[in-house]
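**Student:** From first to last, the protein sequence lines are chains A, B, C, D, E and F. 800 is the number of the first residue of the first sequence in this note's numbering; add one for each residue after it. 800 is the number of the first residue of the second sequence in this note's numbering; add one for each residue after it. 800 is the number of the first residue of the third sequence in this note's numbering; add one for each residue after it. 800 is the number of the first residue of the fourth sequence in this note's numbering; add one for each residue after it. 800 is the number of the first residue of the fifth sequence in this note's numbering; add one for each residue after it. 800 is the number of the first residue of the sixth sequence in this note's numbering; add one for each residue after it.
Any given hint could turn out to be false.
[Stated by the list, open to error] Here are the computed distance ranges between Cβ atoms for each label pair:
| no. | chain 1 | residue 1 | chain 2 | residue 2 | range |
| --- | --- | --- | --- | --- | --- |
| 1 | F | Pro835 | B | Glu859 | 44 to 50 Å |
| 2 | B | Arg847 | A | Ala853 | 29 to 35 Å |
| 3 | E | Pro835 | B | Ala853 | 24 to 30 Å |
| 4 | E | Pro834 | F | Ser858 | 17 to 23 Å |
| 5 | E | Pro835 | C | Asp844 | 45 to 51 Å |
| 6 | F | Pro835 | C | Gln815 | 27 to 33 Å |
| 7 | E | Arg829 | A | Gln815 | 34 to 40 Å |
| 8 | B | Thr812 | C | Pro835 | 18 to 24 Å |
| 9 | B | Asp844 | D | Pro835 | 23 to 29 Å |
| 10 | B | Glu825 | F | Arg860 | 32 to 38 Å |
| 11 | C | Arg860 | A | Glu848 | 30 to 36 Å |
| 12 | B | Glu859 | E | Pro834 | 24 to 30 Å |
| 13 | B | Ala853 | C | Glu859 | 42 to 48 Å |
| 14 | D | Glu825 | F | Glu814 | 21 to 27 Å |
[What the hints assert, rightly or not] Sample of chain C residues facing chain B (criterion: CB under 10 Å; computed from the structure):
| no. | residue |
| --- | --- |
| 15 | Val802 |
| 16 | Met807 |
| 17 | Lys813 |
| 18 | Lys816 |
| 19 | Leu819 |
| 20 | Ala826 |
| 21 | Arg829 |
| 22 | Ala833 |
| 23 | Thr838 |
| 24 | Glu848 |
| 25 | Ile852 |
| 26 | Val855 |
| 27 | Ala857 |
Rather than coming from a laboratory, the hints here were simulated on the basis of the structure. From the three backbone atoms N, C-alpha and C, an ideal C-beta is built for every residue, glycine too.
Number of protein chains: 6
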Amino acid sequence: MPVVRIQMYAGRTKEQKAELAKAITEAVVRIAKAPPEQTWVVFEDVPRENWAIAGVLASERS
Amino acid sequence: MPVVRIQMYAGRTKEQKAELAKAITEAVVRIAKAPPEQTWVVFEDVPRENWAIAGVLASERS
Amino acid sequence: MPVVRIQMYAGRTKEQKAELAKAITEAVVRIAKAPPEQTWVVFEDVPRENWAIAGVLASERS
Amino acid sequence: MPVVRIQMYAGRTKEQKAELAKAITEAVVRIAKAPPEQTWVVFEDVPRENWAIAGVLASERS
Amino acid sequence: MPVVRIQMYAGRTKEQKAELAKAITEAVVRIAKAPPEQTWVVFEDVPRENWAIAGVLASERS
Amino acid sequence: MPVVRIQMYAGRTKEQKAELAKAITEAVVRIAKAPPEQTWVVFEDVPRENWAIAGVLASERS
C-alpha cells in the first residue's frame with residue numbers, strides 16, 4: 800500500500816507523468832510514512848469525450 | 800463533488816454519452832442537491848474481452 | 800454491465816439514494832440500452848475530511 | 800454483486816484473461832457464496848508508462 | 800502490480816476474506832505470472848443500502 | 800478534472816490528510832497545469848483486514 804490513482808484528461812506527456820509520479824510518491828512517503836517500494840501511482844487517461852462537467856462532455860465545451 | 804463513474808462495454812456513441820451525462824447530472828443535481836459545475840461524470844469504456852460474467856468473457860459468449 | 804459508481808459526501812438519506820438509483824438506472828437503460836437487471840449502481844459515501852478541493856479538505860472549508 | 804476489478808500491466812493475452820476470470824469467479828462463488836451470474840470481473844489494462852512504483856514509471860525501469 | 804479490488808456486500812467474515820485473498824492471489828500469480836509480493840487484493844465492503852440492481856436498493860428488495 | 804484517489808491503510812490523521820492533499824494538489828497544478836479548484840483529492844481508508852499482500856491480509860501479518 801498505498802495506491803494512488805489519477806484520472807485526468809489524456810494528453811499529458813510521459814515526462815509530465817514521470818515528474819508527477821515522483822512528486823506524489825515523495826509526498827506520500829514523507830507525510831504518510833509509506834515505504835517507497837509499496838507506493839504505487841497509476842494514471843488513468845480519460846479522453847475529453849468521456850468526461851462531463853455540469854452535464855456537458857468536455858469535448859463539446861467551447 | 801460528486802464524481803460518477805460509468806463502466807460499460809465500449810461502443811456507445813458520443814451522442815449517447817452526451818445524453819447520458821446530461822440525464823445523470825440532472826438527477827444528481829435535483830436529488831442530491833449538488834452544484835452542477837461540481838458534478839462530474841466519467842465514462843470508462845471496457846472492451847468485451849475485458850469483462851467476464853459468470854466466469855466467461857463477454858467476447859466469448861454466444 | 801454497466802456499473803455506475805457514485806462518490807459523494809456522506810450524508811445523503813436512503814430515500815435520496817433510492818431515488819437517485821432509480822433515475823440513473825432509467826437513464827442508462829433508456830439511453831445505453833442496457834438490461835435493467837444488469838445495471839448496477841453503487842454509492843461510495845466519502846466523509847468531508849477525506850475530500851479535498853484546491854488542496855483543502857472539505858471539512859476545513861468555511 | 801460482486802464486482803472484481805483487476806488493474807495490471809497491459810500485455811496479458813485473451814487466454815490468460817479468460818483463465819483468470821474463470822478461476823477468480825470460482826473462488827468468489829465458492830468462498831463468498833455469490834451467484835455466478837452476479838459475479839463480474841473487469842480487467843483494466845494499464846500501460847507501463849502509466850504505472851509508477853517508488854516514484855519511477857515502470858516503462859523507465861531497467 | 801497487479802491490484803485486485805473486490806466490491807461486494809458487507810458481511811463477509813475475516814476468514815472468508817483471508818481465504819478469498821489467498822485463492823485470488825494464487826490464480827493471479829499462476830496465470831498472469833505476477834510476483835506474489837506485488838499482488839495486492841483490496842476488499843471494499845458495500846452496505847446493501849448503497850447498492851442498487853435494476854434501480855432498487857438491495858436493502859429494499861424482498 | 801483531475802481526480803486523485805488514494806487508497807491506504809486507515810489510521811492517518813486529519814493533519815496528515817490535509818498536508819498530503821495540499822502537497823499532491825500543488826504537484827498536479829504545477830506539473831499537469833490543472834486549475835486548483837478542479838483538482839480533487841479523495842482518500843479511501845482501507846482497514847488492514849481488507850488489504851492482502853502476497854495472499855495474506857495485512858491484519859494477519861506479524
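**Student:** Look at each hint and say if it fits the structure.
**Tutor:** Comparing the hints with the structure gives:
Range check, Pro835/F to Glu859/B: about 46 Å between beta-carbon atoms, so the 44 to 50 Å window is met. Against the hinted window of 29 to 35 Å, the Cβ-Cβ separation of Arg847/B and Ala853/A comes to about 31 Å, which satisfies the hint. The hint said 24 to 30 Å for the Cβ distance between Pro835/E and Ala853/B, and at roughly 27 Å that hint holds. Pro834/E and Ser858/F have their C-beta atoms about 22 Å apart, which keeps the hinted 17 to 23 Å range intact.
Range check, Pro835/E to Asp844/C: Cβ separation about 33 Å, and the 45 to 51 Å hint is violated. Taking the beta carbon of each, Pro835/F and Gln815/C are about 29 Å apart, inside 27 to 33 Å as hinted. For the pair Arg829/E and Gln815/A, the beta carbons lie near 36 Å from each other, so the given range of 34 to 40 Å is met. For Thr812/B and Pro835/C, the hinted distance range of 18 to 24 Å is satisfied, since their beta carbons lie about 21 Å from each other.
Under the hint 23 to 29 Å, the C-beta atoms of Asp844/B and Pro835/D, about 25 Å apart, fit the expected range. The hinted window of 32 to 38 Å between Glu825/B and Arg860/F is violated, with their beta carbons roughly 47 Å apart. Between Arg860/C and Glu848/A the C-beta distance comes to about 32 Å, which sits within the given range of 30 to 36 Å. Separated by about 28 Å at the C-beta atoms, Glu859/B and Pro834/E satisfy the suggested range of 24 to 30 Å.
A beta carbon spacing of about 46 Å between Ala853/B and Glu859/C agrees with the range 42 to 48 Å that was offered as a hint. Evaluation of the 21 to 27 Å hint for Glu825/D and Glu814/F yields a failure: the beta carbon distance comes to about 45 Å. Interface hint at Val802/C: satisfied, since its Cβ lies 5 Å from the closest Cβ of chain B, which is below the 10 Å cut-off. Satisfaction of the interface hint for Met807/C is found here, the shortest Cβ-Cβ separation to chain B being roughly 3 Å, below the 10 Å cut-off.
Annotation: interface hint on Lys813/C violated; nearest CB of chain B at approximately 12 Å, more than 10 Å. Because the beta carbon of Lys816/C sits about 9 Å from the nearest beta carbon in chain B, less than 10 Å, this interface hint is met. Checking Leu819/C against chain B by beta carbon gives a least distance of about 5 Å; that is within 10 Å, so the hint holds. With its C-beta approaching chain B no nearer than about 4 Å, Ala826/C sits inside the 10 Å limit, and its interface hint holds.
For Arg829/C, the shortest C-beta to C-beta distance to chain B is roughly 8 Å, which falls under 10 Å, so the interface hint holds. Among the interface hints, the one on Ala833/C holds; its C-beta lies about 7 Å from the nearest C-beta in chain B, closer than the 10 Å criterion. Annotation: Thr838/C was flagged as interfacial toward chain B, and the flag holds, the nearest CB pair being 9 Å apart, inside 10 Å. With a least beta-carbon distance of about 13 Å to chain B, the hint placing Glu848/C at the interface is violated under the 10 Å criterion.
With 10 Å as the threshold, the beta carbon of Ile852/C comes within range of chain B, its nearest partner Cβ sitting at about 8 Å, so the hint holds. Using the Cβ-Cβ criterion of 10 Å, the hint placing Val855/C at the interface with chain B is not satisfied: the shortest such distance is roughly 13 Å. The restraint placing Ala857/C at the interface with chain B holds, with a minimum CB-CB distance near 8 Å, inside the 10 Å limit.
Checked against the numbered hints listed earlier, the structure breaks hints 5, 10, 14, 17, 24 and 26; every other hint is satisfied.
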